[in-house]
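Novice: Mind docking chain B on chain A? Use the hints.
If you read the sequences in order, they're chains A and B.
Just so we're aligned, residue 1 is where the first sequence starts under our numbering, counting upward by one.
Just so we're aligned, residue 1 is where the second sequence starts under our numbering, counting upward by one.
Hints in this document: simulated from the structure, not taken from any laboratory.
None of the values given here were measured: they were computed from a predicted structure.
Heads up, a few of these hints could be off.
Same chains, same names: a pair is fine if it fits in one copy or spans any two.
Unchecked claim - Cross-link-like lysine-lysine pairs, in silico, BS3-like; alpha carbons within 25 Å at most: (1) 209 <-> 106; (2) 159 <-> 209; (3) 123 <-> 189; (4) 209 <-> 123.
There are 2 protein chains.
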Amino acid sequence: MDHVDRYPFYVIFRLLFLIMAIYLPPIILASQSPRRRQLLEWAEVEFTVEVIPTDETFPPDLPVEEVPVFIAREKARRVNEFRNPHHLTLLAADTIVVLENRIIGKPNDAAHAESILAELSGKTHRVITGVVIQHPQVEVAFAEITEVTFHTLTAGQIKHYVERYQPFDKAGAYAIQEWIGVVGIQSIKGDFYNVMGLPVSRVVQALHKLSLH
Amino acid sequence: MDHVDRYPFYVIFRLLFLIMAIYLPPIILASQSPRRRQLLEWAEVEFTVEVIPTDETFPPDLPVEEVPVFIAREKARRVNEFRNPHHLTLLAADTIVVLENRIIGKPNDAAHAESILAELSGKTHRVITGVVIQHPQVEVAFAEITEVTFHTLTAGQIKHYVERYQPFDKAGAYAIQEWIGVVGIQSIKGDFYNVMGLPVSRVVQALHKLSLH
Chain A
1 MDHVDRYPFY
11 VIFRLLFLIM
21 AIYLPPIILA
31 SQSPRRRQLL
41 EWAEVEFTVE
51 VIPTDETFPP
61 DLPVEEVPVF
71 IAREKARRVN
81 EFRNPHHLTL
91 LAADTIVVLE
101 NRIIGKPNDA
111 AHAESILAEL
121 SGKTHRVITG
131 VVIQHPQVEV
141 AFAEITEVTF
151 HTLTAGQIKH
161 YVERYQPFDK
171 AGAYAIQEWI
181 GVVGIQSIKG
191 DFYNVMGLPV
201 SRVVQALHKL
211 SLH
Chain B
1 MDHVDRYPFY
11 VIFRLLFLIM
21 AIYLPPIILA
31 SQSPRRRQLL
41 EWAEVEFTVE
51 VIPTDETFPP
61 DLPVEEVPVF
71 IAREKARRVN
81 EFRNPHHLTL
91 LAADTIVVLE
101 NRIIGKPNDA
111 AHAESILAEL
121 SGKTHRVITG
131 VVIQHPQVEV
141 AFAEITEVTF
151 HTLTAGQIKH
161 YVERYQPFDK
171 AGAYAIQEWI
181 GVVGIQSIKG
191 DFYNVMGLPV
201 SRVVQALHKL
211 SLH
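If we strip away everything but chain A, and leave its shape as in the complex, we get:
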């Protein structure tokens, strides 16, 4: 009898879910980065956020250019485990900082952040964002590369930035839109917003091709 008793509730639940799916934005952003959310808002893309903690390890022999797409796909896979994949489109992204073919991660503490910035000082590095868009029938994946050249930073500038801005959640220990980006970056080559974490214009073009925006 048990499954029969519960059946009406199941029907109501499914109906509610369908109604919600119609009214919810069709895109799920699988990222908790406030910068990515802001960029999508600036681009006037409607979305909701769903994030599941993801293991960000990757095969050690993977070329660096492929690493952020690999991790973005993993983020998408994790969210997909918990959702109905036939309803919505998933957008996942991961950004890495690469200096001389070596991935520069997030700093562990202030001393580490200072040593990372001292390494980036006066040099050109690459910021690579991997993007994975999963639509029910199709996956679009690409990596966008922007070159960033820092002025030579003084030890005082580095110390001031790390103490005041605490860049511990940021790959490469800096954010281009913060003080160090404004006074310390000489030039970039490529998409500026990619350095903030999402190559928005390519994402919007891809969504447009999927008739989603």
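Specialist: Then chain B, alone, in the frame of chain A:
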């Protein structure tokens, strides 16, 4: 008798002026652009704003690269007419948009803005900001060039941007930090903040050399 009666007030006035000059930030920004103010704030530069309306014409045979420095110097000269030049440092800037060696000005109306953006669509143009810093004994002047490449924009995108964002006060009829910049710009080469109106990192370096920041 008249000038004798007024003398004590004159002394008090001069004293007040000197005290204010000590406490006021040492830099005067000769620009009413809210974007330039914001950039200097992000760079943690203290300043006050003084603007005098300036005639922005220039000699017709001036090479385009020299035009914004010419206009910035004119803005500085106008403010200097009304201040005590021995006290403070003046920072003036002017930004122009150049397509195929032709200066693209500010749009007159919505139709003009749309035709400017249709021209920039799918092409690379240059944004040149002229900066003039006048310190009591020395003038620093330079032009910073950033190349900006637009995706091919649709008529619908252009219309939406002009209607919603009203870019009539902007050279080239767009702002890189607004919707059209986020979804429509493919890449840039050079200083991003220069496109917003001020090559902040070079300005800060110049002020630093003058021991002002």
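Novice: Work down the list of hints and note, for each, if the structure agrees.
Specialist: Evaluation of the provided hints:
{"no.": "1", "hint": "209 <-> 106", "in the structure": "neither (34 Å within a copy, 33 Å between copies)"}
{"no.": "2", "hint": "159 <-> 209", "in the structure": "between (45 Å within a copy, 20 Å between copies)"}
{"no.": "3", "hint": "123 <-> 189", "in the structure": "both (13 Å within a copy, 16 Å between copies)"}
{"no.": "4", "hint": "209 <-> 123", "in the structure": "between (37 Å within a copy, 21 Å between copies)"}
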